[in-house]
Amino acid sequence: MVPLSRNAVETVALSKRYHERWAVDQVTLVVRQGEVFGLLGPNGAGKSTFVKMLLGLVQPTGGTARLLGSSYRDHRVRAQIGYLPELFRYQPWLTVNEVLVFHQRLVAPRSRQVLAIPEVLQKVGLTDRGRDRVKSLSKGLQQRLGLAVALVGNPSLLFLDEPTSAMDPLGRRDINHLIRQLKSEGKTICLNNHLLSDLEDLCDRVAVIQEGRVVGIGTLNEVLKPQSQYYFHTGRVSDETMGAMGEEGLRVDRAPGGLRIAAHHEQLPGVHRLLIRLEVDVYEVTPVKTSLEHWFLEQLQQEPEAVRQ
Amino acid sequence: MTATIRATIKEAFRRQTLVVSVVLVTLLMAALWYFVAHQQKAAIANAPMVNTFQSVTALGLGSFMINLVVAFFAIFCLSGNLSSEIETGTLAAVAARPIVRSRILLGKWIGIALIEIGYVSLVFAGVIGIILTYNPWVTPAGQLLAAWGLFVLEGWLLSAVALLLSVWLSPVAGGVGLSILYFTEFVAGAFSQSVGSQASSVHAATSVLALLLPTDSLYRRATFEIFGGRHNPLVAVLGNLGPFGVNFTPSWGTVVYALIYLTGILALVVKIFKRRDI
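Protein sequences appear in the order of chains A and B. Each residue of the first sequence is one higher than the last, beginning at 1 in the numbering used here. Each residue of the second sequence is one higher than the last, beginning at 1 in the numbering used here.
Chain A regions said to be covered by chain B (calculated; three or more residues, Cβ under 8 Å):
1. 57-69
2. 77-83
3. 95-106
Simulated from the structure, these hints should not be mistaken for laboratory data. Virtual Cβ for every residue (Gly too), placed ideally from N, Cα, C.
Here chain A stands alone, though its shape is the one from the complex:
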């Protein structure tokens, strides 16, 4: 069992250069034990390369990393790691069971306790497909198999690269449920995902990578912090009333079904009184939160340091 105080992933200036282009550029970050960590970024930002370096699949150009307290170069640490690649195809001539047995043999000698294959199949919803050949599975089912392979050996750290990209909404729901369950079991999960709503739902912390550099990182609470803005669900508001609110010094914009008004919490009663005076019907008031998508786009607008020494 990994001690709780230990970081699951620590990287220091981890870098990868392909010819003249830096795919990953001096990435330094920490993933804490037991958290779900989301890695966001546009296509080609370096997310998958970053993960592949940690798993020894891609040789870094510079920097270093530790996984579960050991050097990432020590292949033995990978016995505690599960990996779902972004693009993969398991041996099509094998059955689902055979793929899992093959990976189980790679992970651990027979004597070591590992998660039973039926249990893994049940977790990913492939209970009845154990004898099917891989080539007969749909894309979504192959992705479930990929998750099952990642779970072989009962790893404490999981890298899941686009785990729901080929799935229908039901499949996505199942997998998100599984990720929550794995988190509740104390596993650390690093998620690469383009579906920001999923990340918003699952992650404790997120980081944005652009052009190989981390341009934003924070807990979900920090990222989705309430702004000093409130949404007022109102009745119809005339242009004259909008003008009058402006004259009173209120920063107000129209929003679907109401108004978005910039105000601090203590200013709310005054705003409310003004709206009543201007005969605006108010049905509901809710604070406006930043969505992960909003934060993500905001981070991408920040230019990474252009010149690398």
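For this one, chain A is given, so just place chain B on it according to the hints.
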């Protein structure tokens, strides 16, 4: 490593590489049996020299046939294996496991090497069995065993080179490239055997080519051993088989070189693959 060896053997069966190869080779052996038996029947009963020459020709062709089917099997089983598994992501999931890369590679090679032992045994026993049944001489078992071992070594060697090329090349490019290299060796060997001992420049050139891929030397030595070597008084006839003949018998030193070459190729592919991005 046993997991990778098992998976490689299972792949050869499931992808029907082995089944198709065995079925086609069986058909080829049936055809060979028919022709050899027919040839013997047609031989003039009171012309022993004609009969003997036909036997030597059949033996030369049979040895070439073993050489060819073993080479094709060895070349195409592992051609592009690594590059295609990298491309499809199959290898990423495997290499992310707690296993050093050399074990993945050697597991694949050993899996194919074990299959080749069985495959060469089948082809060798079938072809040589048919030919020697009608031969007027008996080859000692030790020499047959040596010839069998040389063909096995040839298969192992070609598989190792195919694995090396598969680090960079696609299955088609790797297969075609190695086939051309293999045939170049054969043609060079055929020239070397055909020209007289005076043509030292030809011998020098073919010797250099033999260093590049010593398959032809193994094949010629194996043919010589099947024939019974110098113990067979008809050894001079073996040189009259044109491109399939053996005028200049490769020494055992060539075989030692092939073993060193094989070890070197495996060490090289391990070294290169260790740093290859997947």
